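For reference, the chains in residue letters:
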Amino acid sequence: MGPLIPNEIIDINWNFLIALIVGIGFGFILESAGFSSSRKLAGVFYGYDFVVLRVFFTAAVTAAIGLYYFSYFEWIDLSMIYINPLYLKSNLIGGAIMGLGFIIGGFCPGTGVCAAMIGKIDAMVFLGGIFIGIFIFGETYEFLWQEIHMDTFMGTPLVFDSLGISSALFILGLTAAALIAFFITAKIVKKVKPVDY
Amino acid sequence: MENTIEDKQRKYMNPYLAGFLLGLTIIFAFYFTGRGLGASGAVKSAVVATVDAVAHDHAMDSDYYAPYASKEESPLRAWLVFEVLGVMIGALISGILAGRLKLKIEHSPKITSKTRLLMATLGGILFGVGSQLGRGCTSGAALSGMATLSTAGFLSMIGIFGTGYVFAYFFRKFWI
Numbered sequence: 001m002g003p004l005i006p007n008e009i010i011d012i013n014w015n016f017l018i019a020l021i022v023g024i025g026f027g028f029i030l031e032s033a034g035f036s037s038s039r040k041l042a043g044v045f046y047g048y049d050f051v052v053l054r055v056f057f058t059a060a061v062t063a064a065i066g067l068y069y070f071s072y073f074e075w076i077d078l079s080m081i082y083i084n085p086l087y088l089k090s091n092l093i094g095g096a097i098m099g100l101g102f103i104i105g106g107f108c109p110g111t112g113v114c115a116a117m118i119g120k121i122d123a124m125v126f127l128g129g130i131f132i133g134i135f136i137f138g139e140t141y142e143f144l145w146q147e148i149h150m151d152t153f154m155g156t157p158l159v160f161d162s163l164g165i166s167s168a169l170f171i172l173g174l175t176a177a178a179l180i181a182f183f184i185t186a187k188i189v190k191k192v193k194p195v196d197y
Numbered sequence: 001m002e003n004t005i006e007d008k009q010r011k012y013m014n015p016y017l018a019g020f021l022l023g024l025t026i027i028f029a030f031y032f033t034g035r036g037l038g039a040s041g042a043v044k045s046a047v048v049a050t051v052d053a054v055a056h057d058h059a060m061d062s063d064y065y066a067p068y069a070s071k072e073e074s075p076l077r078a079w080l081v082f083e084v085l086g087v088m089i090g091a092l093i094s095g096i097l098a099g100r101l102k103l104k105i106e107h108s109p110k111i112t113s114k115t116r117l118l119m120a121t122l123g124g125i126l127f128g129v130g131s132q133l134g135r136g137c138t139s140g141a142a143l144s145g146m147a148t149l150s151t152a153g154f155l156s157m158i159g160i161f162g163t164g165y166v167f168a169y170f171f172r173k174f175w176i
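Chains as they are written, first to last, in the numbering used here: chain A, 1 to 197; chain B, 1 to 176.
Hints were generated in silico from the structure; no laboratory data involved.
For clarity, every value in this text was computed on a predicted model and none was experimentally measured.
Mixed in with the good hints there might be a few duds.
[Unchecked claim] Some chain A residues flagged as far from chain B (calculated, every beta-carbon gap over 12 Å):
1) I81
2) A176
3) I180
4) K191
[To be verified] Per the computed footprint, the stretches of chain B lying under chain A, defined by three or more beta-carbons under 8 Å from a beta-carbon of chain A, are:
5) 66 to 75
6) 127 to 135
7) 156 to 165
[To be verified] DSS-like cross-link-like pairs, simulated, lysine-lysine; straight-line CA separation at most 30 Å:
8) B/K110 x A/K193
9) B/K71 x B/K11
10) A/K190 x B/K104
11) B/K110 x A/K187
12) B/K114 x B/K173
13) A/K193 x B/K71
14) A/K193 x B/K104
15) B/K102 x A/K193
16) B/K114 x B/K102
17) B/K173 x B/K102
18) A/K190 x B/K110
19) B/K71 x A/K191
20) B/K173 x B/K110
21) B/K173 x A/K191
22) A/K190 x B/K173
23) B/K173 x B/K11
24) B/K110 x A/K191
25) A/K89 x B/K11
26) B/K11 x A/K187
27) B/K114 x B/K104
28) B/K11 x B/K114
29) B/K11 x B/K102
30) B/K104 x A/K89
31) A/K190 x B/K71
32) B/K71 x B/K173
33) A/K187 x B/K173
34) B/K104 x B/K173
Built from N, CA and C at the ideal position, the CB exists for glycine as well.
Just chain B, with the same shape it has in the complex (with noise of 0.2 Å):
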């Protein structure tokens, strides 16, 4: 068992490695153009596409999608958008090379694939809303907010993964 998982691990990049790495991406985007990495951003993009497609009166009458659904441009030529499409690439490439591309629902013994699925749904509903309220996720708000030693970004870092570990005993049977 032990030699099993030791294998699996052995296929991941050292993780201080990849961490590095990353501090380095996030350091190049910031020198190039003042900004770091984010992720929920662009599907807000997405969201906000979607319903000034669908309905664009409604969209200009809400304080939420107005400042986006109002300019010439598309919501969709946006920043973030374009580093997800990176993101998309980036990890697929990675995944080939890796051997690791899998259609699969990856889940607990103790759990069914449908509670797994339903739980991510609820999980990614969540991330939504929050992501949101507190203006980025864990890339935009908690890592890079964190890279310009920003206080939002420390409060988010603190937010995010205090909360988690309060609320990691009610749902231990879920990942262990």
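Okay, chain A solo, but in the shape it has when bound (with noise of 0.2 Å):
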């Protein structure tokens, strides 16, 4: 059963070549679906090229979908994968900081260095920001951040546990609003002033 690392059915050793091949999947498929333009994926924001949305809400209804069926069929023990800790405060206000950081500079990390590989500068100087700001933020720790980032910590709660509503519901919850987004987002794009990049 799953996880097979965790587990050790497979070795540990196995661990980085899995990472590399995880990440190739990853980069293969943000580049193909035109995440490598910043104006592609500031679209989300006008209105003018959902893709972000798309993709974005895709992947995580299918491995949502998919880790739950794996879970039913007792291919994989959910207990044992890594659940994002909750701890409010610093959730929010980091995720506020990323969302002012990508409407400025377009593109997140991920997309960043998918762009900066097919030779979009502005995707470079992105990355050496974002290596400017970790620095920061590491050498300002102790007495800027150190407060808000340890705050609030809520343990590892699921979503549908937080919503008192069963995971199945949660998920076709999630899948039917998926599905509104996509319809709506459609009409959206029909409506507003193209833009070419």
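Put the two chains together into one complex; each comes in its own frame, and the hints tell you how they fit.
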């Protein structure tokens, strides 16, 4: 039963090779879908291109359905996979700072790597910016961030538990929300003035 | 004009197919390794490795660097570093196959290349800070976090994209 490496079904020495393979798939898909163009990515905020929403939402729904079916068939033990810890304040404030970075810089780290690899100079300096940002965070951690970084820890809750509904009902609702979002954004994109990029 | 846009779009993979394949990649990652995708973590490893190499005592003194700098192995021997090396290879292969390899600064005609580079740097700095405070970026915190249905993943997604929408109006001339 999975996860195979934590369960020692596959030797830990394969871990980095699998990381490389996962990354190749991730990078290939992002670049193929057009995530190496900042103006295509930014379209999601202005209504002229919703590729981010389509890819992102489809991937999240596919992965969630897949993982919960894997669990249902007892192919994977979901209690052994990494669940992001919930630190309410730093989750939201960190997310907000990243959102501002997204609308100003036009990339997120993963898409920035893809864009830099196909020659986007703006993506290369974006990655340099991330390096500087993390360095600034590290150097100012103790007196600026540590308190808020560690504040309001609430364990590793799952969203359907937080909402008080079953996992199946939540996934059904998420899938429905995705389909509605795809339908509505397809209408919006027709109404918005096209942008040539 | 519309034709050129459509021609360009045709070169890209269908977004729903891309999303489906990305979903399968995430399932593959969790099934094999118990963890999802990421990106900012690799840059963090690079920062820690650099600080550790230049000023080891300083790194050991810091609550932020010390947990990574104190290990026997280099901070660069990390899962996400190898994963991001893969991202580089995968993106390069896709770019070559689609004929998109080209050195350029992409920006709206309303701004100069110099402005775009400044904004990209500033955006990167913000993403660097935010990803550390928020324990991961769009891939690790939001996408993989949503895939496992973690509450934190959904909050990260809302934080990132919600703020993007709030500020989109003020930065519109950089994009449209």
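Do the hints match the structure? See the list:
1. Against the 12 Å criterion, A/I81 falls within the reach of chain B, whose nearest CB is about 5 Å from its own CB.
2. The claim that A/A176 lies off the interface holds: its Cβ sits roughly 15 Å from the closest Cβ of chain B, which is beyond the 12 Å cut-off.
3. With a minimum CB-CB distance of about 15 Å to chain B, A/I180 clears the 12 Å threshold, and the non-interface call stands.
4. For A/K191, the shortest C-beta to C-beta distance to chain B comes to about 14 Å, beyond the 12 Å cut-off, and the non-interface label holds.
5. Counting residues of the segment 66 to 75 of chain B whose CB falls under 8 Å from any CB of chain A gives 0; the rule of at least 3 is not met.
6. Beta-carbon proximity to chain A at under 8 Å applies to 9 residues in the segment 127 to 135 of chain B; the threshold of 3 is reached and the given coverage holds.
7. Here's how the segment 156 to 165 of chain B fares: 10 of its residues keep a CB closer than 8 Å to some CB of chain A, so the rule of at least three is met and the hint holds.
8. For the proposed pair B/K110 and A/K193, the alpha carbon gap of about 16 Å is at most 30 Å, so the pair holds.
9. Taking the CA atoms of B/K71 and B/K11, the gap is near 45 Å; set against the 30 Å cutoff, the hint is violated.
10. Restraint check for A/K190 and B/K104: satisfied, since their Cα atoms lie roughly 29 Å apart, inside the 30 Å limit.
11. Between B/K110 and A/K187 the CA atoms are separated by roughly 27 Å; this keeps the pair inside 30 Å, and the hint holds.
12. Proposed proximity of B/K114 and B/K173 is supported: the alpha carbons are some 15 Å apart, at most 30 Å.
13. At most 30 Å may separate the alpha-carbon atoms for a hinted pair to count; A/K193 and B/K71 exceed this at roughly 54 Å.
14. Proposed proximity of A/K193 and B/K104 is supported: the alpha carbons are some 25 Å apart, at most 30 Å.
15. A C-alpha spacing of about 27 Å is found between B/K102 and A/K193, which places the hinted pair at or below 30 Å, so the restraint holds.
16. A threshold of 30 Å between alpha carbons decides the hint, and for B/K114 with B/K102 the separation of about 18 Å falls inside it, so the pair holds.
17. Proposed proximity of B/K173 and B/K102 is supported: the alpha carbons are some 25 Å apart, at most 30 Å.
18. Between A/K190 and B/K110 the alpha-carbon distance is near 23 Å, which keeps this suggested pair within the 30 Å criterion.
19. Only pairs whose Cα atoms come within 30 Å are accepted, and B/K71 paired with A/K191 is rejected, the gap being roughly 55 Å.
20. As the CA atoms of B/K173 and B/K110 are separated by approximately 6 Å, the hinted pair is consistent with the 30 Å bound.
21. For the hint pairing B/K173 with A/K191, the CA-to-CA distance comes to about 19 Å; that is within 30 Å, so the pair holds.
22. For a cut-off of 30 Å, the pair hint linking A/K190 to B/K173 stands: about 21 Å separates their Cα positions.
23. Note on B/K173 and B/K11: the hinted pairing holds, with a Cα-Cα distance of about 27 Å set against a maximum of 30 Å.
24. Taking the CA atoms of B/K110 and A/K191, the gap is near 22 Å; set against the 30 Å cutoff, the hint holds.
25. For the given pair, A/K89 sits about 41 Å from B/K11 by alpha-carbon distance, which is inconsistent with the 30 Å threshold.
26. For the suggested pair B/K11 and A/K187, the alpha carbons sit about 22 Å apart, so the restraint of at most 30 Å is met.
27. Between the alpha carbons of B/K114 and B/K104 the distance comes to roughly 12 Å, so the proposed pair stays at or under 30 Å and holds.
28. For the proposed pair B/K11 and B/K114, the alpha carbon gap of about 29 Å is at most 30 Å, so the pair holds.
29. As the CA atoms of B/K11 and B/K102 are separated by approximately 15 Å, the hinted pair is consistent with the 30 Å bound.
30. About 38 Å separates the Cα atoms of B/K104 and A/K89, which puts this hinted pair outside 30 Å; it is violated.
31. Distance restraint check for A/K190 and B/K71: the Cα-Cα separation of roughly 54 Å exceeds the 30 Å cut-off, and the hinted pair is therefore not satisfied.
32. For the hint pairing B/K71 with B/K173, the CA-to-CA distance comes to about 47 Å; that exceeds 30 Å, so the pair is violated.
33. Between A/K187 and B/K173 the alpha-carbon distance is near 23 Å, which keeps this suggested pair within the 30 Å criterion.
34. With a C-alpha separation of about 20 Å, the suggested pair B/K104 and B/K173 falls inside the 30 Å cut-off, and the hint holds.
The structure does not agree with the numbered hints 1, 5, 9, 13, 19, 25, 30, 31, 32 stated previously, though it agrees with the rest.
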